[in-house]
Amino acid sequence: IDAWISSYQPDLPKQDDPEFAVIDLCTTPVKLVANKNHPLAKKKNIFKQDLEAFPSLSLPTGWFPRTEAKLRSHGLWSTEARMKKYKKELWEGKTEDQTTLSYATCLGLEVMKNLTVIDYDLNLTSGESLVVKKNLIGHEKIQSLVSLLKRRIIEKAKIHNELIPCL
1 IDAWISSYQP
11 DLPKQDDPEF
21 AVIDLCTTPV
31 KLVANKNHPL
41 AKKKNIFKQD
51 LEAFPSLSLP
61 TGWFPRTEAK
71 LRSHGLWSTE
81 ARMKKYKKEL
91 WEGKTEDQTT
101 LSYATCLGLE
111 VMKNLTVIDY
121 DLNLTSGESL
131 VVKKNLIGHE
141 KIQSLVSLLK
151 RRIIEKAKIH
161 NELIPCL
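Note that our numbering numbers the sequence shown so that position 123 is 123, with each residue one more than the last.
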């Protein structure tokens, strides 16, 4: 893999990483989401204690340590979704039980039609980044990909006011 689009910005390689460069494309808040029929779906003034009563999706411990720590600080990240690659039924499909909580950005919600945003601030920002091997950063195909992705982000930012392009 020479380039990888990632959504877990807090856990991406740092600037001084010897092997990988990270090109941030956009930032956006991460939202707490659930099935539209979840008991918290229409509730206001939600507190951490309200969240702790419900299962919340997580990935294996340590995969995304900074994101995990932030979500655990809210009493979340409690129910591991065991999957080697993304499958709807193993992630947002779990919310169909009308009790499981999950997380999404505005871009994710475009494809997760049955989810609604819960009125609770996770105080977590992520977004989209392109992770590239440092020795390929100047390659014409990588630069072309970056240009294409930035154009697409600008178009999405016209639809989602909380999506901030990194240009």
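Just so you know, the hints here were simulated from the structure itself, not pulled from any lab data. We put the beta carbon where it would ideally sit given N, CA and C, even for glycine. A hint or two may mislead.
[As the list claims (entries may be wrong)] Subject to a maximum C-alpha distance of 27 Å in a straight line, what follows is the list of computed DSSO-like cross-link-like pairs (lysine-lysine): (1) K133 with K158; (2) K70 with K113; (3) K70 with K87; (4) K134 with K94; (5) K156 with K88; (6) K36 with K70; (7) K94 with K84; (8) K94 with K43; (9) K113 with K141; (10) K150 with K14; (11) K113 with K134; (12) K134 with K36; (13) K42 with K88; (14) K44 with K94; (15) K85 with K44; (16) K43 with K14; (17) K156 with K36; (18) K70 with K84; (19) K48 with K36.
[What the hints assert, rightly or not] Cβ pair distances, simulated, as ranges: (20) P10 with V111: 29 to 35 Å; (21) D17 with E155: 26 to 32 Å; (22) T61 with K141: 32 to 38 Å; (23) N135 with L90: 18 to 24 Å; (24) R152 with D50: 34 to 40 Å; (25) D97 with P60: 18 to 24 Å; (26) D97 with L136: 42 to 48 Å; (27) P60 with K141: 43 to 49 Å; (28) H139 with P39: 48 to 54 Å; (29) I164 with N45: 34 to 40 Å; (30) K44 with Q15: 39 to 45 Å; (31) P60 with T125: 18 to 24 Å.
How the hints compare with the structure:
At most 27 Å may separate the alpha-carbon atoms for a hinted pair to count; K133 and K158 exceed this at roughly 30 Å. Of the supplied pair hints, the one linking K70 and K113 holds, its CA atoms being roughly 25 Å apart against a limit of 27 Å. Restraint check: the Cα-Cα separation between K70 and K87 comes to about 24 Å, which is no more than 27 Å; the hinted pair holds. Between K134 and K94 the alpha-carbon distance is near 37 Å, which puts this suggested pair outside the 27 Å criterion.
For the hint pairing K156 with K88, the CA-to-CA distance comes to about 23 Å; that is within 27 Å, so the pair holds. At most 27 Å may separate the alpha-carbon atoms for a hinted pair to count; K36 and K70 meet this at roughly 24 Å. For a cut-off of 27 Å, the pair hint linking K94 to K84 stands: about 16 Å separates their Cα positions. Simply put, K94 and K43 have alpha-carbon atoms about 21 Å apart, close enough for the 27 Å limit, and the pair holds.
Taking the CA atoms of K113 and K141, the gap is about 34 Å. The hint is violated against a cut of 27 Å. Distance restraint check for K150 and K14: the Cα-Cα separation of roughly 21 Å lies within the 27 Å cut-off, and the hinted pair is therefore satisfied. A C-alpha spacing of about 37 Å is found between K113 and K134, which places the hinted pair above 27 Å, so the restraint is violated. This hinted pair does not check out: K134 and K36 have alpha carbons roughly 43 Å apart, beyond 27 Å.
At roughly 24 Å between alpha-carbon atoms, K42 and K88 fall within 27 Å of each other, so this suggested pair holds. Proximity of K44 to K94 is assessed by CA-CA distance (about 23 Å); at most 27 Å being required, the pair is judged to hold. As the CA atoms of K85 and K44 are separated by approximately 35 Å, the hinted pair breaks the 27 Å bound. For a cut-off of 27 Å, the pair hint linking K43 to K14 is broken: about 38 Å separates their Cα positions.
Under the criterion of a C-alpha separation no larger than 27 Å, the hint pairing K156 with K36 is consistent with the structure, at around 24 Å. Simply put, K70 and K84 have alpha-carbon atoms about 23 Å apart, close enough for the 27 Å limit, and the pair holds. Between K48 and K36 the CA atoms are separated by roughly 20 Å; this keeps the pair inside 27 Å, and the hint holds. Under the hint 29 to 35 Å, the C-beta atoms of P10 and V111, about 22 Å apart, miss the expected range.
Our hint of 26 to 32 Å for D17 and E155 holds, since their Cβ atoms are close to 30 Å apart. Look at T61 against K141: about 36 Å separates their beta carbons, and that is inside 32 to 38 Å. Roughly 35 Å separates the CB atoms of N135 and L90, a value that falls outside the hinted 18 to 24 Å. In this structure the hint that R152 and D50 lie 34 to 40 Å apart at CB holds, the actual value being about 37 Å.
D97 and P60 have their C-beta atoms about 21 Å apart, which keeps the hinted 18 to 24 Å range intact. At about 43 Å, the CB distance of D97 to L136 agrees with the hint of 42 to 48 Å. Checking the proposed 43 to 49 Å range against P60 and K141 shows it is violated: the Cβ atoms sit about 33 Å from each other. Checked against the hint of 48 to 54 Å, the C-beta distance between H139 and P39 comes to roughly 51 Å, which is consistent with it.
One distance hint, 34 to 40 Å for the beta-carbon pair I164 and N45, is violated here, with the actual separation near 27 Å. For K44 and Q15, the hinted distance range of 39 to 45 Å is satisfied, since their beta carbons lie about 40 Å from each other. Between P60 and T125 the C-beta distance comes to about 23 Å, which sits within the given range of 18 to 24 Å.
Checked against the numbered hints listed earlier, the structure breaks hints 1, 4, 9, 11, 12, 15, 16, 20, 23, 27, 29; every other hint is satisfied.
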